[in-house]
Structure formats: structure tokens, C-alpha cells
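Let's have the full structure, built from the sequences with the hints guiding it.
Chains as they are written, first to last, in our numbering: chain A, 162 to 465; chain B, 162 to 465.
Honestly, I wouldn't trust all of these hints.
Residues from chain A that keep clear of chain B, each with C-beta distances beyond 10 angstroms, as calculated [stated by the list, open to error]: (1) 232; (2) 235; (3) 245; (4) 264; (5) 275; (6) 286; (7) 310.
Here's a subset of chain B near chain A, in silico, CB distances under 7 angstroms, partners left out [what the hints assert, rightly or not]: (8) 344; (9) 346; (10) 367; (11) 368; (12) 377; (13) 379; (14) 381; (15) 384; (16) 386; (17) 418; (18) 419; (19) 422; (20) 456; (21) 461.
Treat the hints as calculated values from the structure; they're not laboratory data.
No residue lacks a Cβ here, since even glycine has one placed at the ideal position from N, Cα and C.
2 protein chains.
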Amino acid sequence: MSLLVAGWVAIDEIETPFERREGSLGGSATCAALAASLFTDVRLLAAVGEDFPETMLRALERPRIDLAGLEVIEGGRTSRWGGRYHYDMNSRDTLYTVLGVNERWEPRLPPGWEVSSGLFAAAGDPVLQQRLMAMVPGARVRMVDTIKFFIDGARDELMKAIRAADFVSINESEARELAGMPSIARAGRALLDGGSKAVIVKLGEYGAAYISGEDYFVAPGYPLEEVVDPTGAGDAFAGGFMGYLDSVGVIDQQAIRRAIVYGSTVASFCVEGFGPERLLTLEREEVEQRYRQFRALTHFEVEG
Amino acid sequence: MSLLVAGWVAIDEIETPFERREGSLGGSATCAALAASLFTDVRLLAAVGEDFPETMLRALERPRIDLAGLEVIEGGRTSRWGGRYHYDMNSRDTLYTVLGVNERWEPRLPPGWEVSSGLFAAAGDPVLQQRLMAMVPGARVRMVDTIKFFIDGARDELMKAIRAADFVSINESEARELAGMPSIARAGRALLDGGSKAVIVKLGEYGAAYISGEDYFVAPGYPLEEVVDPTGAGDAFAGGFMGYLDSVGVIDQQAIRRAIVYGSTVASFCVEGFGPERLLTLEREEVEQRYRQFRALTHFEVEG
Numbered sequence: 162m163s164l165l166v167a168g169w170v171a172i173d174e175i176e177t178p179f180e181r182r183e184g185s186l187g188g189s190a191t192c193a194a195l196a197a198s199l200f201t202d203v204r205l206l207a208a209v210g211e212d213f214p215e216t217m218l219r220a221l222e223r224p225r226i227d228l229a230g231l232e233v234i235e236g237g238r239t240s241r242w243g244g245r246y247h248y249d250m251n252s253r254d255t256l257y258t259v260l261g262v263n264e265r266w267e268p269r270l271p272p273g274w275e276v277s278s279g280l281f282a283a284a285g286d287p288v289l290q291q292r293l294m295a296m297v298p299g300a301r302v303r304m305v306d307t308i309k310f311f312i313d314g315a316r317d318e319l320m321k322a323i324r325a326a327d328f329v330s331i332n333e334s335e336a337r338e339l340a341g342m343p344s345i346a347r348a349g350r351a352l353l354d355g356g357s358k359a360v361i362v363k364l365g366e367y368g369a370a371y372i373s374g375e376d377y378f379v380a381p382g383y384p385l386e387e388v389v390d391p392t393g394a395g396d397a398f399a400g401g402f403m404g405y406l407d408s409v410g411v412i413d414q415q416a417i418r419r420a421i422v423y424g425s426t427v428a429s430f431c432v433e434g435f436g437p438e439r440l441l442t443l444e445r446e447e448v449e450q451r452y453r454q455f456r457a458l459t460h461f462e463v464e465g
Numbered sequence: 162m163s164l165l166v167a168g169w170v171a172i173d174e175i176e177t178p179f180e181r182r183e184g185s186l187g188g189s190a191t192c193a194a195l196a197a198s199l200f201t202d203v204r205l206l207a208a209v210g211e212d213f214p215e216t217m218l219r220a221l222e223r224p225r226i227d228l229a230g231l232e233v234i235e236g237g238r239t240s241r242w243g244g245r246y247h248y249d250m251n252s253r254d255t256l257y258t259v260l261g262v263n264e265r266w267e268p269r270l271p272p273g274w275e276v277s278s279g280l281f282a283a284a285g286d287p288v289l290q291q292r293l294m295a296m297v298p299g300a301r302v303r304m305v306d307t308i309k310f311f312i313d314g315a316r317d318e319l320m321k322a323i324r325a326a327d328f329v330s331i332n333e334s335e336a337r338e339l340a341g342m343p344s345i346a347r348a349g350r351a352l353l354d355g356g357s358k359a360v361i362v363k364l365g366e367y368g369a370a371y372i373s374g375e376d377y378f379v380a381p382g383y384p385l386e387e388v389v390d391p392t393g394a395g396d397a398f399a400g401g402f403m404g405y406l407d408s409v410g411v412i413d414q415q416a417i418r419r420a421i422v423y424g425s426t427v428a429s430f431c432v433e434g435f436g437p438e439r440l441l442t443l444e445r446e447e448v449e450q451r452y453r454q455f456r457a458l459t460h461f462e463v464e465g
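What follows is the structure, given as C-alpha cells:
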């Protein structure tokens, strides 16, 4: 199986209440690809500029990540993002966004990639997300993610992209805004009414909710003692979810539930380091251990 | 079994973004007693003034609630609280608090009540909470709840009350403040280090976390389509938790986990109406149905 992960590879500047990092490897596709590669073979489709550091390129060279789709644009500048977290680590301010090569990136698939088993289109222009889905018509699972910027600026195209996908992953506050509904359950239902097949609402440290016509699933957050940097956790969640799903034989409701818990598990590792740092050393066995711990932490019986 | 529930019975004025109610039955002990009475026999220990309306008294007259400990103070005024919820229903402003008879209430047990099987001391003066625990020395389970007011004003006495109890239930933001720790897991551990036996951190719509020396349990929130009024949900949680625990033969880790889910379940009903309104019509069978639904919503397997 080969999961196509398309989105941004970027250079971040991150400030938490405890530390500041410049020149941190970032971008939605970066964390998603690293997370997914714990479960399946990944094809990374993204663009960087000539200024993209060799060390960052080395970091992305992983046995299960194919970099043939990582285009270095001649004379281009890599996208950059700067953000500052508040004391509670749950909210942040974006200090700047430099689009760079992503201002007019035209994704082109390397030969053979049109036959991919899955697609994760990380947050980006919804028109591009629709094109990406059309590029891999045989994909078994396709998920799009989005952010406030596109809800505000391209709502109709975004809804088209969401309708074309099998899953949409979205932050809680963005789900409320997109649906115009105050409760998560209602927002999820409104998005289903709008034509999406299944909605994953990311609740940050509180876990995730999954809403489809057939199932409703809620998973609490994994209890972490220390959060170093939340950047990329949502993408790590999406990558873990899609990576696991791409790796299973049958995609049924139970597999989807397990995929959500795997996504949460990988995301819980992601926040233990700056940017994707922790994902770079993470082993599948650590993920399995924490997944089992997750079940032990959440399990209860009906009868006494 | 008889669970002693001690705290405030009050008259509330509540404003949500959608509705406003004056003269609503309120108070921490009210919601806790109603919730607990779904599972066990309850003894309500509280004080009201001569102005306490007959209709509210009638509402509290339930088959499983003994009102012998509800003292009407001659010439006294019932405690009053006014609050306004913000748009997201997760945060609120207290508009006023009138202590009334609770300014110098001296709880006295009706004959025989010193032999009670459990005690829930709702948020109140920690010195009083300590006295209440001493009044029922044979109680099998004792829980105290608290609020920011006592963390700020009576931290040492509060820690004494917490150390004397079997469980402390506390809101997330208050747990962080009391422990001086940013993460729930760390705050819980810090409270254990400070001498508490087990900590329940109430996460509002996101559920609850339980931390003791032997166990760690996280339960997500029940997905509700509509929240009418969150007032009393924390007390309904505590009452449901203690009521269920008081009703079981053996209090082990599995029973405690079930009690937390029962607490969350009753709290999810509480927010469907103004104040304790919904609890007044709630039947045990409805609770059991939603409890089973809760398990169906959260269950996942380890193996595919």
C-alpha cells in the first residue's frame, strides 16, 4: 500500500512559554508523512525552495517515505510560519505566514503515483485538494484537512472538496464555525447534511470525535505530563489515522475506531518534542505500547 | 446504604445566551442529592431561610431523599447565586453570591445520621468539610468538592480536608491552580503527592480524568446536541459518582471507573435542562440506557 501525503513542507519559528526555536522543520505534510510512515509506505508530494536546508532534507529521508514528489523549485523560497503559544499551550497566535513556493505550486505526480492506495490532502487550497483527489482515482481512502483561512475565504470550494473525500479532519473551533453550530455533535451532523461522508473533530488535548452516518465514536486525550510543543499534533493525528487505515485489509467501523486511537497516540508523542522532532525517533513498538496503555486507561465494563 | 450529601440549597438566577431564569432551584447539594438518589438512599444536610419557596421544597421531596437534615433557619435568608454564561457555554461570570444562612451554618445531624455509609461534602468551607467527615466516622467513602474561592482563601485547610477524604473532585482549571501545574496529569500527581488519595478532574463537556496511586482513567464527554444550562453539572457528576459507589458491594478500581461513567452520564442529562430541572424527571432506566450508549460510543479493540 502507498499513501500519498500532499501539503506543505515548511520552516517554522516557534515560541512556547518555555522555549523558542528558529529554523524548525515544519509544514502540515511533514508531520503527517512522518506519522503515517510508522504504519505504511508514504509518498510525499510537496514543494520547497532552493533555501531548504540540507539537514531538513536528510531528516525527511526515511525508509518508508518516498521523496520523489518533493519538488525543489528553482529560485523559490520555502514556505515559513511563525507562531507563539499562550501559557496554557491550547491557544496560539500566528506571527507570520510566508507562502513562498506554495503561493502557486502546481502539484505533479511522479510516474506511477497515480496508482496510490490512499490520499491525505493536508490543509491547503480546496481547489487544489479537489485536483489531488482526481489525480488518484483508485485510492481506497481519501481525507482532507482544513483550517480557518479556507473556511473564511473559500467555503464553497471547501465544501466541494469535503464532499469528494471519504473523511474530513477539522479542529473543534473550525468545525463549529464551518457548520455554524455551537455543539460538536450538531456541527458534525450539519457537515454530514452538507454532504460529507465522515467527520473527525480534533479536540486537541481532549481527544477526538468521529461522526458518520453509521457511527459515532469519542476518544479522550492521552494524559501527558509534559507538552513541549503542540505544533503539528493535528497533522500527526491525521497521518497516524490515514497511515493505519491504509495498512489494514478491511476498512470497517472497528478499523476506523482503531485508526482514531492510533492517530491520537502518534499525536501524543508529537507534542513531546519541538515540531516533528519526536516523530523522527519514534518506533512502531512505542506506538503499540502506548496504544495498549490507551485502551487500559479508557476501558470500563457495563456490568459490575 | 445511606449517602449523606451536605452543601448548599440555594435560589439561582441564570442567564444563558438563549434564555434567562429567575428563581431557579439551585445549590451544590441540590443537584448532587438528586443525582445520587437515582442510585441510593440520600440524606440531605443543608440550610435554607424562611424565604425558601414551598414549590422548591416540594421538588426536593423524593422517595429516596430524606429531608430531615434540611434546616429552615428562623428569620434567615436562603443563599442566592446569579450567573451568566458566555456564548460557548463553557465559561461563565458570577453576577452575585448572597451567602444568607450559609454565612454561619452549623450543620447538625438528625438522630441516626452519624451512621451513614458515605459522605459527599459539596464545595464549601474546608473547616466545615473536615467537621462533616468527623461526624460520620464509619462512612465507607467520603468525597469533597471545592471551588476557586477556597483554593484562593483557605488553601491549607482545604488540603487538610482533601487529605482526610477518599476522593476530591475538582474542575480542570482549579486543579491546575491548586497544584500549580499546567497539565492535568501533573496536577493530579502533585495532589497525590500532597496527600490526597484519589483525584477526579472534571473536564466539563470533555469528560473526566481519575488519578490515584493505583489507577489512571480518562472518560470522554457524552456528545450532546444541545446544552440548555451547564449549572449544576459538576455537582450532578459528583452525586452520580458517589450515589453509584454507595450502592455497590465492593469498591474496586472497576467500580470506580463505572462510577465515573455514571457520574458523566447523569451530568449529561443535567445540562439538558435549567438547573436541576431534568434531574427531577430522570429515571434510572434512562441513565442505564445512556450508560450503555456511552460504552458503545467509546469502545475499541486492541486487535484488528
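Hints that the structure is at odds with (numbers, increasing): When the structure is compared with the hints, none of them turns out to be violated.
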